[in-house]
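Numbering (the numbering used here), first residue to last: 658 to 1204.
Hints are computed from structural coordinates only; laboratory data are not their basis.
Backbone N, C-alpha and C define an ideal beta-carbon position, used for all residues, glycine too.
Misleading hints may appear alongside valid ones.
Now the in silico label distances, taken between C-beta atoms and shown as ranges [as the list claims (entries may be wrong)]:
| id | residue 1 | residue 2 | range |
| --- | --- | --- | --- |
| 1 | Pro841 | Gly930 | 25 to 31 Å |
| 2 | Asp757 | Asn1068 | 27 to 33 Å |
| 3 | Gln792 | Glu1077 | 27 to 33 Å |
| 4 | Thr919 | Arg980 | 30 to 36 Å |
| 5 | Tyr734 | Asn1110 | 44 to 50 Å |
| 6 | Ser940 | Pro772 | 50 to 56 Å |
| 7 | Phe874 | Ser940 | 43 to 49 Å |
| 8 | Asp1179 | Gly769 | 57 to 63 Å |
| 9 | Gln792 | Glu1180 | 45 to 51 Å |
| 10 | Asp1076 | Gln792 | 18 to 24 Å |
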Amino acid sequence: MQSASSTASAQTPLNHRPTVAIIGAGPGGLSTAMLLAAAGLDVTIFESQPVVGGRTRRLEAGPFSFDCGPTFFMMPYVLEEIFSAVGMATSDFVEMKRLDPMYRLLIGDEHGGAPTRIDATGDLQKMAAQLDRIQPGDGAAFHRFIADNRRKLALMEPILRSPIRGLADLMNLDTLKAAPVLRPWESIHTHLTRYFKSDQARLSMCFQSKYLGMSPFECPSLFSILPFIEYEYGVWHPIGGCNALTTAMAQACTLLGARIETASPVSRILFDGKRANGVVVHSTERRFDHIVINADATWALKNLIPESLRPRGYRDAAIDAKRYSCSTFMLYLGLDGKVDLPHHTIYTSTKYRQNLADIGEGRVSEDTSFYVCNPSRTDSTLAPDGDSALYVLVPTANTKAAQDGAPIDWNVAAPKLRDETLQRLETVMGVPDAARRVKAEIVCTPDDWRAQNINHGATFNLAHNITQMLHQRPQHKLQGFENLWMVGGGTHPGSGLPVIFLASEITSRLLCAQCGVKSPLDEPLARLRTPSPRERVGIEADALAGV
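Could you build all of it, start to finish, from the sequences and the hints given here?
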């Protein structure tokens, strides 16, 4: 572990070990705590839930266990960078399994026929052959798409790894030079028409926009890197679920000397003028040199910081005017017996565009897209022998979206959607007698997400439209304040576990620099970015030369 440097910043007295409060033990807060504690800072994490993880925590229903939120894990090398930087290895804490197929995609037929089935695989030849069977020529287009997005990710990586505080930062990163490749002004769906002839192939490469809680008809095309990342780096399952990752990070934090106080919600951030200098926990003032927000970004801005202190862009009216991601209706099901489904299965509605419009306008569709995670296929730790822990997610409107001015009444809608979803587990997914096999169950609606301090129940945070990205998201060092920081899906680069870990790298570097201490990420040990097996040597240079 590194000790604080004697070259402390002007705001930190000499020989004083800087103290940091982190609000929220989600993946962003925990990874930031690891890096700050390893740098020698005195770190305390306050978590409102009785367990760590935030939306990446563990849920239990009787003998069954579930991930609360994320179930896909990609780009494991990013998390490994953080563990390596603090002198540890992810593999010391968690076993990872690479999935093949990565997932099954069932694309509903608007004419009433059987869904088109695509088993997404990292074997690019097999994947191309599947697409060619649907539409000759789309296999070759797939190879071209992968090659182009390999180049695109090389161009985007400096942006994803850097603070973007304004246009000057974008200019320094040669973003304008890269714009013809990134094409942020067009939607990912429009972008895919440049490659694929079949609607099924296009959908297989753009449904991933739902990872950001967005429609592919609105999501900027630079996010075509999402399917590329799946095919290049794989989709992984941590044994125990993605919650095993946050549990591992919490263990690492403790080993590094950080303290974690669970069941300890922060009710207010304290200020001396515009300088954050403490938090209120259980009606007690606790003083710290720095405060890092890992709570839901806009909820925290509205509820933890007095409006009179906030810059105009963070006042209530401005926050309410922002665009938010969709929400989700969740069923966590303990089922009697095994389920004959892959680890991940995604069904897209027969009326896909209408389903997306309904989500945006506050309606529940007659035919909803939905996703099923069947981790018991891979992992025996989540259910009793012979049984299955099933995770079912239905994308829905957030609580801000309204039909005829009134939001969905989930007290009425939830039982109906539950029964319909269980029925479609049988008819669409082929899970026999699903409803009668339920032994344990947890239901979570958008209202429930909102009650967990997620603004508007928007489970994927602020929307990722072009006017709410880069420097237009809340900053890692919050504008207008001193010693107040942010990490998580509400800041740059955005939502999703890998980029949240990248955000923690950015925030921790900036905070360490202000404290005058060396970030553990500056050590050579941390520079281990694992190239894809197919990544060419010198791809970054090739990409820049080709723009």
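Hints, one by one, checked against the model:
1. Range check, Pro841 to Gly930: about 37 Å between beta-carbon atoms, so the 25 to 31 Å window is missed.
2. Range check, Asp757 to Asn1068: Cβ separation about 42 Å, and the 27 to 33 Å hint is violated.
3. Distance hint check for Gln792 and Glu1077: the Cβ-Cβ separation is about 32 Å, which falls inside the suggested range of 27 to 33 Å.
4. The hinted window of 30 to 36 Å between Thr919 and Arg980 holds, with their beta carbons roughly 33 Å apart.
5. Judged by the Cβ atoms, the range 44 to 50 Å given for Tyr734 and Asn1110 is violated: they are separated by roughly 31 Å.
6. Checking the proposed 50 to 56 Å range against Ser940 and Pro772 shows it holds: the Cβ atoms sit about 55 Å from each other.
7. Separation of Phe874 from Ser940 is about 48 Å and conforms to the stated range, judged on CB atoms against 43 to 49 Å.
8. Between Asp1179 and Gly769 the beta carbons are some 59 Å apart, a value that agrees with the proposed interval 57 to 63 Å.
9. In this structure the hint that Gln792 and Glu1180 lie 45 to 51 Å apart at CB holds, the actual value being about 49 Å.
10. Distance hint for Asp1076 and Gln792: a CB-CB separation of about 36 Å, inconsistent with the stated range 18 to 24 Å.
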